[in-house]
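Participant: Let the sequences and hints guide you as you build the complete structure.
Each chain, written out:
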Amino acid sequence: MMDIIMNISSAVFLLIGSFLCVSGGVGILRFPDLFTRMHAAGVTDTLASAMILTGLMLQNPDGLVILKLIIILLMTLFISPTASHALARAAMINGLKPMLDKPADHEGGMSSKT
Amino acid sequence: MLIGLYNYWVVVVLMMIGFYIVIANGNLIKKIVGLSIFQTSVFIFYISMAKVDGGTAPILAEGIKQYSNPLPHVLILTAIVVGIATTAVGLALAVRIKEAYGSIEEEEIQAKDNLDC
Amino acid sequence: MLTHLPVLQVIVPLLAAPLCLLLTRSRLVWVFTLIVSGLAFVISGLLLQQVMATGTIIYELGGWDAPWGIEYRIDQLNALLLLIISGVSTVVLMAAHTSIRKEISPDRHSLFYILYLLSLAGMLGIVATADAFNVFVFLEISSLSAYALIALGKDRRALWASYQYLIMGTIGATFILIGIGLMYQMTGTLNMYDLSQRLPGVENTRTLFTAFSFFIVGVCLKLALFPLHLWLPNAYAYAPSIVTAFFAATATKVAIYLLIRFTFSIFGLSFSFTALPLQLLFVVLGLAGVFVASTSAIYQTNIKHLFAYSSIAQVGYMIIGFSVSTVTGLMATLLHMFNHALMKSALFLALGAVMYRFGSVKINDFHGLGRLMPYTMAAIVVGGISLIGVPLTVGFISKWYLLMALIEKGWWPVAVLILIGSLLAVVYVWRLVEVAYFKPPVAGNEAVKEAPLSFLIPIWLLVSANIYFGIDTRLSIQVAQAAAHSLFGVSP
Amino acid sequence: MTSVFLLAFLVVIAVAIVRMRDLLAVSMLLGIYGLLSASFFVTMDAVDVAFTEASVGAGISTLLMLAAITLTGRSEHPTRHKPVLALFVVLITGCLLIYGTLDMPYFGSADAPIHLHVAPHYINNSMQEIGIPNIVTSVLASYRGFDTFGEVVVIFTAGMGVLALLSVVRRAENITKIDSINDSMHAEYLILRIVVKALIPFILLYALYVQFHGDFGPGGGFQAGVIFAAAIILYAMLFGMSTARRVINQSVIQFFAAIGVLLYGSVGVVALINGKSFLDYSALSADPVAGQHLGILLVELGVGLTVASVMVIIFFNFEGRRDVLQSQENNHKGDN
Amino acid sequence: MLTAAIIAILVVMIMAITRAIMGPTLYDRILAVNMFGTKTVLLISVLGFAMGRPEFLDIAIVYALINFISVIAVLRHSDKSIFKTTQADKKSMQRHS
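Chains as they are written, first to last, in our numbering: chain C, 1 to 114; chain L, 1 to 117; chain X, 1 to 492; chain A, 1 to 336; chain H, 1 to 97.
Derived from the structure by calculation, the hints contain no laboratory data.
Beta carbons are placed, not taken as given, at the ideal position from N, Cα and C, and that holds for glycine.
Incorrect hints may have been included.
Pairwise CB distance ranges (calculated) [said to hold, decoys possible]:
1. Tyr6/L <-> Phe88/A: 18 to 28 Å
2. Met52/X <-> Val4/A: 52 to 62 Å
3. Asp111/A <-> Ala50/H: 23 to 33 Å
4. Glu108/L <-> Ile58/X: 45 to 55 Å
5. Leu28/X <-> Leu325/A: 31 to 41 Å
6. Asp65/X <-> Gly131/A: 16 to 26 Å
7. Phe88/A <-> Pro440/X: 24 to 34 Å
8. Pro120/A <-> Glu108/L: 51 to 61 Å
9. Leu28/X <-> Cys95/A: 51 to 61 Å
Calculated cross-link-like contacts (lysine-lysine; reagent style DSBU-like; alpha-carbon spacing at most 35 Å) [claimed, not checked]:
10. Lys439/X <-> Lys449/X
11. Lys97/C <-> Lys197/A
12. Lys112/L <-> Lys102/X
13. Lys409/X <-> Lys112/L
Facilitator: Quick look at the structure:
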């Protein structure tokens, strides 16, 4: 019984994680400028990793493996936002400005759709 | 046959791309990038040889009968180190050349050399 | 301790290198390096004696039996090479302290010695080992240190030469790695002896053919065979003089050793010379090398360039001897390796002395050198005569054997061409002699004194070896003959 | 199946590198290339190699590339001449290689010669002879220990080579200047600094785990050394070179590089003195297997020491060159 | 389920590679590399389970670490003049957006 619950919940977590992954990927391709892309990547990266890693944790009862997965998870939680922060800062400092409201004839207006 | 050797052929293509960058590009850094790709592809070639279908990583554990071949892994561990050593020395040389010649383009350096003579 | 000689040969200089880092004073490091290199020389002498007396020595590293562990296998061929490398290194080092004071900034002196020792150890390791992959590792040790050593030259062109050498050398090494990988793929072993046993079983496969071709091309890059020689002249010309003297005498020899070892002892004579049209290819490339390089040498104004081109020509002679593929031909190659090491180290060391006094080795500096630096110039003349192949010098002996081998084989035209090639050597050596003895010194150079003793002693040691081994040929011929015979005997 | 995709990605990346002119972008792509080939190694069961390739191919070599590119300039000039000859050479070589693969045993076949001759001995006997589960470590450190010794010397040589090429004699820097740099950096990298400060102890701890866990799982001296060096490099990047140089003395780190090689060598020499052959670890203890354990432990420690210190030496010297260049430029401006 | 996750990750990898090659600015490439790195970490973890040897998660940890360090390294150098958005960057940005 316990096994089935574990398996199902693991599958659910993995599926949600996979979906988030792909949505982040679509975001990084389709969004109009760096900062929106970063938003897409940063948000989904963290959550998708968390979901997939949790899904994996539910698959294996071995203590050491779970510990390692937790370490990976913690590192992602730490590192991903920090990297995004540093990236955005560096881009700003070096003269890359976010695309704010632009006239409608420009494609930049696309960001409002999401 | 197509399936049996597909991996090797792709690796050959990779090697040749690396090799092409080394001999066709004039930029010193790019040449070293090419060398690095060339060498990494040779590593991939070696590691492909080591794979056994149905095998698993050569770390002994209970209940496993088939292991992949550990020897190419060992060789490539050594070769990776050699590769990074070459890259480091090559890049250091490129930095010094930039300081001495003011350029890292093969043609410009050659032109300046000919002036020296 | 005597049973451990094969491994001591390599690890003594290898372990001495990091120890140098712990010493502080430059002079101390020099003395230490000299002692270590001398020790290696003594070991190689003992090894040669042992090999001549008892035959091949086998040493298993780590105590594991051969195909599973790495082994060292010293036969006459390795022993001869070990002797050449460590001997030249020791003699050349005697002048190092004086020479590098003028050519390398003081804060890099101990690094110079460390890299020198590493390079020495790398070459010794390539020669001593009987494991194909171990060859690659030690090849990289010696090449990496060589790149750094060449870049230490004071001219900025040294950097560029070193970079070109790095690219060519790494391509060569990677080709060798591919060759070794394919060989391993077909046989499952890396041990040279084991390979030679198992390769005949897969002789007719296309993979082995490819492995052989890649190996040959890789080695030819390293040994600067004619169309692949472009890295060599600049690398030798702009490296510090000591480095040039050491490498000119040893680096290409090690590559030729690899060529001989792999074609004769591993792939086997019958495979090597039928898989590729190796005989024709090497004769043509060798002759082309002799003529192109000798002709270029005539037009050089930088004397280091001149002798670097002459080195390429000499490699041509060795390759021709190799391609004859008879005992006499191989003997000629081996003798020429030994003799060329003696000539070129003497010549480049003498150029180092000129460099020490003048700061450059342009042809202008040689005007009137016969009067300014009589002993140094006399050494250059003797070296040059030996290069031409005049009787009573070592050059004569090897050319003689080469001609004999060619005539034995019935290759008359090649023999004639070689004699013509030697005439080209007369031209470029004469150019030097002419300006040195028949022209007055250039203004401003009159006050130049003879080179210091620390130069003259090693130079004249090498020069007298040039003459001694030209007259008393027992040792060199005996060893070369034994090595050639054993190679032909071993090969299946 | 995954491996097929990974190979296809690799080809795409390689082609992109050929076409890319922006060197920084090239170095980014090279990082991806490293990560991809490392993932490929995982699918090929070569976990130890994947470990090393990840830390070297994607980590250290990207760092070095970046350091070099910031010193030499970013964009590559387009080549004017048509590289027909190069293409010709490459095609010939490629065709020869393809021709050579035709007689090779198929990919993954268990009866290829390499799986029948030497390797089975390692797989079947290493447990009795050496007694550690990771076969790669036993082959690396014991059966082919001399190769690994050569590898350590190669990396030492690279360190010395970089020192010979790039090292500069530097005067002692005055503390106030360092502090002022420090303050300006503090404002700039506040968040990064906090995160990194929290991470570094764990990275070092993890490096130690990798160092000593190499007998049982993927890992060992080389990987540990690289991770250790990465932690130090991370510190140096965020807290400034001058601060890092105060913490890690240049001559001390060179000393460590030498000690690593000597440690490896002396294990071999001890065996020599005990009458066994060089690097025969069974001479280290009465029980041969225990001797092997001790030998591998010491040897891996030597590898780790040398690798970590050489990586740090290489990185510091690249960065040190930048200071020199900057001060040269400043002097130049001052003169005008 | 593991297969589904692997496929999803591979698909995202393709997207990240596309972004890394397309650019247009350097920062897009850095972003793509960073994303690629995190996806590699996930891929390795999932592959470990799929191959039945999950104890090799050590590699994934190293990947996460190395990925972070290389991103930091790029950004650390970003005060250098060569990182300023170049003319070519601006041009290609206009072309793409």
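Participant: Next, verify each hint and record whether it holds.
Facilitator: Hint by hint, here is what the structure shows:
1. Tyr6/L <-> Phe88/A: 18 to 28 Å: holds (26 Å)
2. Met52/X <-> Val4/A: 52 to 62 Å: For Met52/X and Val4/A the Cβ distance comes to about 57 Å; the hint holds.
3. Asp111/A <-> Ala50/H: 23 to 33 Å: This hint holds: roughly 26 Å between Cβ atoms.
4. Glu108/L <-> Ile58/X: 45 to 55 Å: holds (54 Å)
5. Leu28/X <-> Leu325/A: 31 to 41 Å: At roughly 33 Å between Cβ atoms, Leu325/A and Leu28/X fall inside 31 to 41 Å, so the hint holds.
6. Asp65/X <-> Gly131/A: 16 to 26 Å: The hint (16 to 26 Å, Cβ to Cβ) holds, given that Asp65/X and Gly131/A are roughly 18 Å apart.
7. Phe88/A <-> Pro440/X: 24 to 34 Å: Since Phe88/A and Pro440/X have Cβ atoms about 53 Å apart, the given range 24 to 34 Å is violated.
8. Pro120/A <-> Glu108/L: 51 to 61 Å: holds (55 Å)
9. Leu28/X <-> Cys95/A: 51 to 61 Å: Distance hint for Leu28/X, Cys95/A holds at roughly 56 Å.
10. Lys439/X <-> Lys449/X: holds (17 Å)
11. Lys97/C <-> Lys197/A: holds (30 Å)
12. Lys112/L <-> Lys102/X: Holds, because 25 Å separates the two Cα atoms, which is no more than 35 Å.
13. Lys409/X <-> Lys112/L: With Cα atoms ~49 Å apart, Lys409/X and Lys112/L exceed 35 Å; violated.
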